[in-house]
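There are 2 protein chains.
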Amino acid sequence: MIIRNHIFICIIALLFAACTSPAEEKNTDTLFEQELARTQVRVDAIMEQGVNVPVPKDMAGGYTHEEHKRNWSTLCDAGALFTHTGDKRYATFIRDVLFEYAELYPTLPRHPTNRSYATGKLFWQCLNDANWLVYVSHAYDDIYDWLPEEERKQLNEQLFRPMADFLSVETPQFFNRIHNHSTWACAAVGMIGLVMDDDELVDRALNGLPPESLPDDLRDNDSGLIKDKYGRAGFLPQLDLSFSPDGYFAEGPYYLRYALSPFLFFGEALDEKRPGLNILEYRDGILGKAINALVLQADPTGDFFPINDSHKGMSLYSDEVVKSVDYGYYLYGNDPSLLTLAEKQGTVSLNAAGKAVSDAVAAGKAEPFRPTSVLFTDGADGKEGGVAVIRAYGAEEDHASVFLFKYAAQGMGHGHFDRLGYSFYNERGEVIQDYGSARWVNIDQKGGGRYLKENNTWAKQTVAHNALVVNQTSHFDGEISKAENFHPNLYAADISNPDFQLVSATENNAYPGREMHRSMWLLKDDAFQEPLLISVLRTSGSASASFDLPLWYKGQMLENNCDCEINNVMKPLGTNHGYQHLWAEANCKPKEGQLQFNWFHNGRFFTQTSVTDAEDEVLLVRLGANDPEMNLRRAPGLIHRRNGRANATFISVLETHGSYTPRNEIPHDPYGHITDLNLVVDSPEYTGLSFNHQDGTQWMILISNQNADPSVSHNLNINGRAYNWQGVHHLIKTNNNESK
Amino acid sequence: MIIRNHIFICIIALLFAACTSPAEEKNTDTLFEQELARTQVRVDAIMEQGVNVPVPKDMAGGYTHEEHKRNWSTLCDAGALFTHTGDKRYATFIRDVLFEYAELYPTLPRHPTNRSYATGKLFWQCLNDANWLVYVSHAYDDIYDWLPEEERKQLNEQLFRPMADFLSVETPQFFNRIHNHSTWACAAVGMIGLVMDDDELVDRALNGLPPESLPDDLRDNDSGLIKDKYGRAGFLPQLDLSFSPDGYFAEGPYYLRYALSPFLFFGEALDEKRPGLNILEYRDGILGKAINALVLQADPTGDFFPINDSHKGMSLYSDEVVKSVDYGYYLYGNDPSLLTLAEKQGTVSLNAAGKAVSDAVAAGKAEPFRPTSVLFTDGADGKEGGVAVIRAYGAEEDHASVFLFKYAAQGMGHGHFDRLGYSFYNERGEVIQDYGSARWVNIDQKGGGRYLKENNTWAKQTVAHNALVVNQTSHFDGEISKAENFHPNLYAADISNPDFQLVSATENNAYPGREMHRSMWLLKDDAFQEPLLISVLRTSGSASASFDLPLWYKGQMLENNCDCEINNVMKPLGTNHGYQHLWAEANCKPKEGQLQFNWFHNGRFFTQTSVTDAEDEVLLVRLGANDPEMNLRRAPGLIHRRNGRANATFISVLETHGSYTPRNEIPHDPYGHITDLNLVVDSPEYTGLSFNHQDGTQWMILISNQNADPSVSHNLNINGRAYNWQGVHHLIKTNNNESK
Ligand SMILES: [Ca+2]
Ligand SMILES: [Ca+2]
Ligand SMILES: [Ca+2]
Ligand SMILES: [Mg+2]
Ligand SMILES: [Mg+2]
Ligand SMILES: [Mg+2]
Ligand SMILES: [Mg+2]
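If you read the sequences in order, they're chains W and E.
Residue numbers 1 to 740, in this note's numbering, belong to the letters of the first sequence in order.
Residue numbers 1001 to 1740, in this note's numbering, belong to the letters of the second sequence in order.
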């Protein structure tokens, strides 16, 4: 009935309900029109008030800093308004402000603060001068054709060319690095060069300063030598070296979101003004791949995976990501699923890319954003491990399960010691968490907003991750200088079948004389409401050791099948490598060779089943010891501990099941269904596990540990039964009514 | 521009955007139509499958129990479908099922389980038999006129009259109490009486069984004597005794939501069929007042205040509250703000009330739900203290601040020892929390879903509340038998000025020989972004004591101005009265006579400023000690401790300020603005406090402690300056440019 009378009801109802009822009226302006209107209100208010162009004096947060910073965005916005409304008031405003800068700039020495390796003129650091020039280049471009020839000449010669020279030839230690500071420098110099049609500047930006023009002993802010470091400089080498061939950024998506801006701004300008360079296709379309890598490294709620030193909560829907989505759509193939992200962002950029996105959204072209699994390589050459994002969708439309498996290189100064660690998410966010960073960005009360001491003592340590800790010591002793020499390796991956996806990787350097090999699956089967997350972690070494495998579950434990002794006096679990921050709330002994741990989080139930040895211990831990400033979240965790073995294999299966809300107080399916998890074979060559549904259905998963060749055939005898398969892994499902 | 072209743009845009784009199509059915459609799908599926009427055997959760339970709701739904669609399939279905019951019922003895003080026939307890009869009475009513006379007669005589007699004369210990069980009993007997036009049953339901007809030694499930307890029984006495004259329910809104159903069902039926009784106006419209009390006892997110043993998260938007909102609108004055609640509920009841609500919503009559402050009395006569809900709205449209101040009677078995305690909420939920109950309703893993041991040892204890604890001992020694003999008293309230609202109450029995008097204000002033919450708590006694005033803030502490010693070995803070569940994470000494405690929660910053004495201690505590099943949330708290005084006055001011989100990482206004909080006068007669904004503006609040008469004038000399005012309290604001 609803469908049949659709058109008629729709017209009548809309005319009555919507047109006659202003309270329910919907803004029918496009995203672009809405953003334009908001920008106009903001810029008009500032224009009415007038802007100041003060003599630079203050550090960040101080008056002159904040004023010049506001000016760059006001000018950029005013340029967009002039372009899209044609209102000359905006052009006149930009010109007038630029002439104020043109008057001031030639009088300026370097900023009086002298606190940076590359002190700026308008700001305390060149980085902010470059930010200014990137944004103001947009504005200048918007009025360039409108300006009389002699005014252009005056601005070019008094303001912009001097500024470009200052940021490059006069400050080579800022300009000639392979570092995001230099990306901003090159974008600034190159973009203003494109506006002024100054080929010398554009070339300088693309290819850097010739090494022979630099002093031999020039050093950057880490006191590294500028000249020797890479032997290359400029925008093009940065495109070559900043990303893996897949667009993966070694510090993770939180930093990629930040680093991507100058790449995209300059890239888009080059595409428009130097089409012959074909920058968008450079390195096989690396800019598009970086955008793609950014949008794919988010959980189903849109939050970026907290890889390395990430501040949690940064999201696909942050304002900063708007331009990446817009450029991604506009410049790289009009993927209609990006339009759904743009709709949720609720705004677009005020440029051709944003206009294209807005028009497409208005035309109803948006399609659901349901990314599939992806494997990213790490390292400029793609040969330093990587990360896998493995996704599956549940029976219900909006349900999604995703795990991030990390076998990447160290990630430089922001890297964590979390090799072969993972985190797990569903449509409501984190389920098995990575702690992220110990930092409250920009929150003065918390160490001035900088990384906190606990970032080193806790967040980077292995035990803060869902990764194997040996002898209560972090990977590489928690030393970056050791860790940066090695990376894990992808052993095998098979994401061709969305119902049975594998990723498997090895790390053989984190502990001397010890190998680690972890294989993880997402298994989707109608017998279970949601995909199962399965982990097999094997370690072998020459010396007997103690193994700790943490599970940083989020939520409230409901029950477990251990004998637990609660601690009525709590002491920190250790003195270093993160253990000094852990309380043991309870010490438990698992029963019957199998640990079952059942908890509730965000309306769903979870049950993890693990195989245990008779001597295993389970520690129920709580974060927060030795935390004098109360910087750490009081997260709960479980540590599965096995002592005194040279080799060990940990296997576990995580079920997501049921639901509960206090609004109706009706629990659905609160218990897990898995029984009889077993390690059916475990040799250097093969590992196999099996488990049952309580209805009797059995699954067995076999993996070849030493040969991942998809064409190789394997024959394995387990308990008198022969298994034959081809390729690295094999799934056998036996229904309860079949003979076993 | 948007406004000017509204109609035209609207028509064009809607025709194009909505009518041609099915993806964006909105369901234009009314709430009633949508609910009818959902119900039809549900009932049709069950009818197709067929229903069972098994011989009763099982406890709750078992097959026969769940089957009879599902039948009552299917029959009730089918009745509504027959009424609203006219489709006779539904009437036939109801009749056929009723005849199955008519065949079974006469054969039934009491339920074989024999586990209740009032064992039922269909179910293990009469309560569920009464539930069945209430819902099935609706269905029977819907088909009564459609049924042939002889079929009615047969059902009346074989099924319904016997069932009504069983639930009343045959089980008087169930029927004749003043208790929600008996409300269901009376509603069941009365409603089926109304359908059958059986005046005897209706009278029995309204007035109970004559006491002389009961055995003298009949006892209820608490082994209380039925006959002596109140001397009254039936629906009308229950209306007299179950609520305070304001509609307040002694166990709080969580239980009111549950208890209200039979009152409303029977009330609505009486209104329709015995209009002469004028039941809706009974006791000055007590049913409307109870509905009103229910909807007003929720925080701005719709969650009910967790008074006493409440399960947190029960909400105005729960399905169970739909009928209360519908009846409230339909029967009591068509308050258009209730329509906003109905819209958020997303559904309506399938009856005349729901239809009225749905039509009014469709007609665009909904108005914002922005309740103002309200004082509820407690006790059937309204003379046993009460609770105050004090609300103010912030500068931004959707901002709201609310505190609940509790000076009610004990609340029977579900009561907590939290006299003069409060909790505080904003538009995002809890800020200063009441723990609620220690219970996971219906979650089998957690003690079978029953109240947990920690409900007694923690949740009920005084230290679990934002209430004064003396000598680390709960009010009334934590004994209900003592507590139920006394109630606090409202001392004064002034909610006439929404910018300066006071509520003040006393409790003089919680500790022998000790008086407590707490006054709380919500002060709204343009100098602050949000209303300030101000507390003055005075206690005086004959003996020196130790005072603990907890602050159960939610969120992450950012900083405080104390010298703190962190505890690297943690022991429980005590051995009983809740202290056995607390860890002291840090022991702190406040500096400079003033404690400032700054935290972050849910995107906002908070700063509480308190006056401290030189000897005061501050304990930063964490819940969770002695919790073997991990039943308790690891909530953080602050305990302000003052030792060795007979008298003490605690004053504090709480600021809500600023905002922060990790999506843009820009903190706004992260620090509080209050300085120089002082107790300027504190005598048995008067207490006064003053504080400054850092801009120099000063506020002084004076209160008369012993005379709350609004007509009385007060003269007070403070530091050589005379203050004169009339009424219990007085606010003096001195701008920074005025002489002080
Ligand atoms: Ca639109
Ligand atoms: Ca966008
Ligand atoms: Ca409703
Ligand atoms: Mg432009
Ligand atoms: Mg990490
Ligand atoms: Mg009816
Ligand atoms: Mg309580």
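Keep in mind the hints are simulated off the structure, nothing from the lab.
Predicted, not measured: the structure shown is a model, and the values here were computed from it.
Check the hints yourself; a few may be wrong.
Here's a subset of chain E near chain W, in silico, CB distances under 7 Å, partners left out [to be verified]: (1) Val-1041; (2) Ser-1318; (3) Gly-1555; (4) Pro-1628.
Just so you know, even glycine gets a beta-carbon here, dropped at the ideal spot from N, CA and C.
Against the structure, the hints come out as follows:
{"no.": "1", "hint": "Val-1041", "result": "12 Å, violated"}
{"no.": "2", "hint": "Ser-1318", "result": "4 Å, holds"}
{"no.": "3", "hint": "Gly-1555", "result": "11 Å, violated"}
{"no.": "4", "hint": "Pro-1628", "result": "5 Å, holds"}
The structure shown violates the earlier hints numbered 1 and 3.
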